[in-house]
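Let the hints inform the model, and build the full structure from the sequences given.
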Amino acid sequence: MTKMLVGNVNEIDIKGSRKLLVGNTEIALFRLTTGEVLAVENKCPHKGGALSEGMVCGSRVHCPLHDWRVDLHSGNVLAPDTGHVTTYEVEIDPESGHIYLTL
Amino acid sequence: MSTLRKKLVMVGNGMAGVRAIEHLLKLAPEAYEITIFGAEPHPNYNRIMLSSVLAGGASMNDIIINDLEWYHSNGIRLYTGHTVTSIDTRQKTVYTDKGIEASYDELILATGSNPFMLPLPGAEKEGVIAFRDIKDTQIMQETAKTHRKALVIGGGLLGLEAARGLLHLGMEVSVVHIHEYIMERQLDEAASVMLRKELEEQGMKFLLKKQSEAILGKKRVKGLLFADGEIAEADLIVMAVGIKPNVELARKSGIEINRGIIVNDYMETNTPGVYSVGECAEHRGIAYGLVAPLYEQGAVLAKRLAGVQTEGYAGSITSTKLKVSGVDVFSAGQFTEQPGSRALRYQDEIEGVYKKLVIKDDKLVGAVLFGDTGDGAQLFSMIKNNENIKGMEKELLLGVSSDALASPKGNRLEAMADDEIICGCNGVSKGAIAEAIQSGGCTSVGAIKACTKASASCGGCKPLVEGLLQIYAGDNAVTVKEGICGCTTLGRDEIVAEIKRMELKTVKEVMNVLDWSNDEGCAKCRPSLNYYLGMLWPEEYIDEKESRFTNERYHANIQKDGTYSVVPRIYGGVTTPADLIKIAEVAAKFDVPMVKFTGGQRLDLLGVKKEDLPKMWEELDMPSGHAYGKTLRTVKTCVGSTFCRFGTQDAIGMGIRLEKAFERLNTPAKVKLAVSGCPRNCAEATIKDFGVVAIDGGWELHIGGNGGVHVRATDLLCVVKTDDEVLEWASAFLQYYRENAGWNERTAQWVERVGLDSIKQALDDREERLALKERIEATLRLTSDPWKQIVNEPELRKNFEPISQPETV
Ligand SMILES: Cc1cc2nc3c(=O)[nH]c(=O)nc-3n(C[C@H](O)[C@H](O)[C@H](O)COP(=O)(O)OP(=O)(O)OC[C@H]3O[C@@H](n4cnc5c(N)ncnc54)[C@H](O)[C@@H]3O)c2cc1C
Ligand code: SF4
Ligand code: FES
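Same order as they appear, the protein sequences are chains A and R.
Going by my numbering, the residue at position 7 of the first sequence is 7; the numbering climbs one at a time, nothing skipped.
If you count the second sequence from 1, you need to add 1000 to reach my numbering.
Hints in this document: simulated from the structure, not taken from any laboratory.
Be aware that a few hints might be false.
[Claimed, not checked] Once the Cα atoms are required to be at most 27 Å apart in a straight line, the calculated BS3-like pairs of lysine-lysine come out as:
| id | chain 1 | residue 1 | chain 2 | residue 2 |
| --- | --- | --- | --- | --- |
| 1 | R | K1798 | A | K43 |
| 2 | R | K1589 | R | K1609 |
| 3 | A | K15 | R | K1505 |
[Claimed, not checked] Derived list of chain A stretches under chain R, where covered just means 3 residues or more per stretch with a C-beta under 8 Å from a C-beta of chain R:
| id | region |
| --- | --- |
| 4 | 10 to 24 |
| 5 | 45 to 55 |
[What the hints assert, rightly or not] Beta-carbon label-pair distances, calculated as ranges:
| id | chain 1 | residue 1 | chain 2 | residue 2 | range |
| --- | --- | --- | --- | --- | --- |
| 6 | A | K3 | R | S1517 | 35 to 43 Å |
| 7 | A | G35 | R | P1121 | 52 to 60 Å |
| 8 | A | G35 | R | S1758 | 44 to 52 Å |
| 9 | R | H1147 | A | E91 | 24 to 32 Å |
| 10 | A | I92 | R | E1230 | 49 to 57 Å |
| 11 | R | S1758 | A | E91 | 54 to 62 Å |
Glycine residues also receive a C-beta, built at the ideal position from the N, C-alpha and C atoms.
Following this line, the structure appears as structure tokens:
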């Protein structure tokens, strides 16, 4: 388990996302309307679409390639499709807005 | 009064039996006093959907077909968790393991089947299960929480669904299959191999041509030993190698059996007063293992018991679909070639589509579809109805054109018996759908789905459901507007009217005021609302980029590997050596893997990394070609009078003028234009949204063409004399389209929907035309080049780059 400082909340648009590479894994960070920042592996379980490029609706992201929907909290693909993406723990320092990622 | 009723007892509370009872209650609600014994501790549930439960698509609650309240209100005495252990056919009494006895006048055996368990040494170990009932499903769910490795023995339908479910639960899954390819009983080798590849991409592993020999482990399973000496590790083994009719009770009671309980065409066994339906029954030598035929049997039995005249059950042709997401497989009838039959095949390895039709004596007898199963329901219905398809073969193979089949399809649906199953996944009959429409008040496919579950699983039967809706709801079905997406029940016109009436100015406001069911909408409604708001309030509305599809957010086309493609604008297809050099230099500098001419006379730089996009645009210093948006794409031109010996007008000049006038315009769907210099029409202007064809002394203006999936040639809008008139009509037409079409509706669909005449009428009045032109110009004045904007604004540009380098803390 390593904890990393990966940026600041204000670097991510609301309903937007940024990605980063940790080792060989690409991770997408999303900032929801609620202020939450959530992190998942940037790879749709369907055909590997980059979820970071998808549209964020509530706490779901729509994959840009074939519109599968992934719940960003659980990493689960929503019905009628099925699948799962890895989620990562995110902490935000409320004072500084720093984003910490643990993986 | 109840003493007058005959006593009906049923053994088995499963899908086929209860279905027969449901039917019987409709035909003769007062005729019987009904008692049902079921060995499972649950009310009647949809066994098929266990696959969906496992795969996360449904909860246990969703799969209950008849809850306890249903039994109660229909006066049925239900004993769940009771196994009937013997029948005294002379005394007409059944006895259960819990000491209950019940006498009957009529007895139905609907005991289903048992999973076939390979008699391997070690098969009794903990962690070795079948996939048959709720209990098995729960064991899989529990096991997945604590264990990693699963083996599924059996690469058939059931095995693959189990494997898919286990993958979903996060386990590592290998499928062990004895045959050299999977689903060999439903698919031919070509389709099977495509299926395997697709499943492998989802993470499933396969061990083919493997003979299992023994199950290893002490108390709990540890692995599987194969005949070739290899060993595969496993914490869970699911056997899905087949089923055998559950005939034990019948056998003990002296009822005639073979593989299953032998029944005649009226589901009668050889013992008076004893009937059998479902997987336990054997009819004309066949014991079926899918619900559609079992439901047909149930319907016959119900009529028999109700004393209603009926033709006997004559056996069924079956079809199967794999209920695994992301994979579409369908097979029906006699899908392997036999002497006397011939097969037509279509195989597209790139798109992953395979289609095979087996034809005998000019009739379709079997079909296998992979990748695109949209035609499955239709083909299946042709197989069942023994239709002559002579002359239609090619059409059927290459995709059924709906016009060509519209009328026979209607007839076919109307002629279909009420008992016939429309939705195989959920066992919904034509009658049940008709009833939902006629008495249940369902007037849309969505409502039918909610009410009957028809088309709720794989959706393959949707065309048939739509057809039935047409037949039974007629005009009602047409007038019922479905919402633009699942978040609202409002249609496009209602939404636009409300936005205007209440002066709603943001996406969020629209959703709040109009009661959206999803707080932040979905990928369907958000872009449409963004478009409608922008169209209605061009001056005030601030475009919401987060409500735009990826391509329009990053102003480049996202490709399947996540790279993008860049297309600079080339007005009318005309460029200069200097621009070509610039494009070539940028392409070389950024290692663009492919440079290609597009179908619309431009250069496409493919395979660009997202991070490089802003830098490339900056260096190109050319306007965006908008090759990605719902906007004006290209204006294709021919050479025209500039060089061509036939040309009567300056097609190039007109093309450039149109492209400059309308570039960057937001439209409901992409819009393509073309200009040809004479009626030879080299620019193919008559398959464009707006086509201009020069004639001697003027221009013909054409609208509503499309070269996509459904090719549509344009309709002639009018003929004009001057270049300015071309601009005037083009402006008016495009603005009228912007104001009236649904989001994502191409002009071709729109013209067909509203009719050419209504458009002609709207544009005929010069004053109206000029007003439309004024509105489009006002909108166009507010546009700017998105590439420049991103290059210049760090706040937008940051989104193209990875967030800062992570630092470990
Ligand atoms: C996971 C899974 C997925 C499937 N998917 C599909 C599909 O996509 N399409 C399709 O058409 N079919 C599918 N099937 C097959 C379908 O579910 C069966 O064909 C259907 O359920 C058979 O109905 P039945 O009433 O004959 O038997 P069942 O539904 O099995 O009902 C028999 C019941 O009788 C009870 N019983 C047995 N003996 C006694 C006794 N002595 N006393 C009391 N009760 C007794 C059993 O406990 C059982 O509950 C699937 C099956 C499974 C397991
Ligand atoms: S359409 Fe007519 S003018 Fe244009 S290139 Fe063809 S022949 Fe020449
Ligand atoms: S890759 Fe994500 S939906 Fe297909």
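Hints and how they fare:
A distance of roughly 21 Å separates the Cα atoms of K1798 (chain R) and K43 (chain A); the hinted pair therefore holds under the 27 Å criterion. Straight-line distance between C-alpha atoms of K1589 (chain R) and K1609 (chain R) comes to about 13 Å, which keeps the hinted pair within the 27 Å bound. For the hint pairing K15 (chain A) with K1505 (chain R), the CA-to-CA distance comes to about 19 Å; that is within 27 Å, so the pair holds. Remark: the region 10 to 24 of chain A is confirmed as covered by chain R, as 11 of its residues place a Cβ nearer than 8 Å to a Cβ of that chain, reaching the required three.
Against chain R, the region 45 to 55 of chain A contributes 9 residues with a C-beta closer than 8 Å to a partner C-beta. That satisfies the three-residue criterion, and the hint holds. Taking the beta carbon of each, K3 (chain A) and S1517 (chain R) are about 38 Å apart, inside 35 to 43 Å as hinted. A hinted range of 52 to 60 Å for the beta carbons of G35 (chain A) and P1121 (chain R) is consistent with their spacing of about 59 Å. In this structure, G35 (chain A) and S1758 (chain R) meet the distance hint of 44 to 52 Å, their C-beta atoms being roughly 48 Å apart.
Range check, H1147 (chain R) to E91 (chain A): about 31 Å between beta-carbon atoms, so the 24 to 32 Å window is met. At about 50 Å, the beta-carbon gap between I92 (chain A) and E1230 (chain R) stays in the expected band of 49 to 57 Å. Look at S1758 (chain R) against E91 (chain A): about 59 Å separates their beta carbons, and that is inside 54 to 62 Å.
The structure shown violates none of the earlier numbered hints.
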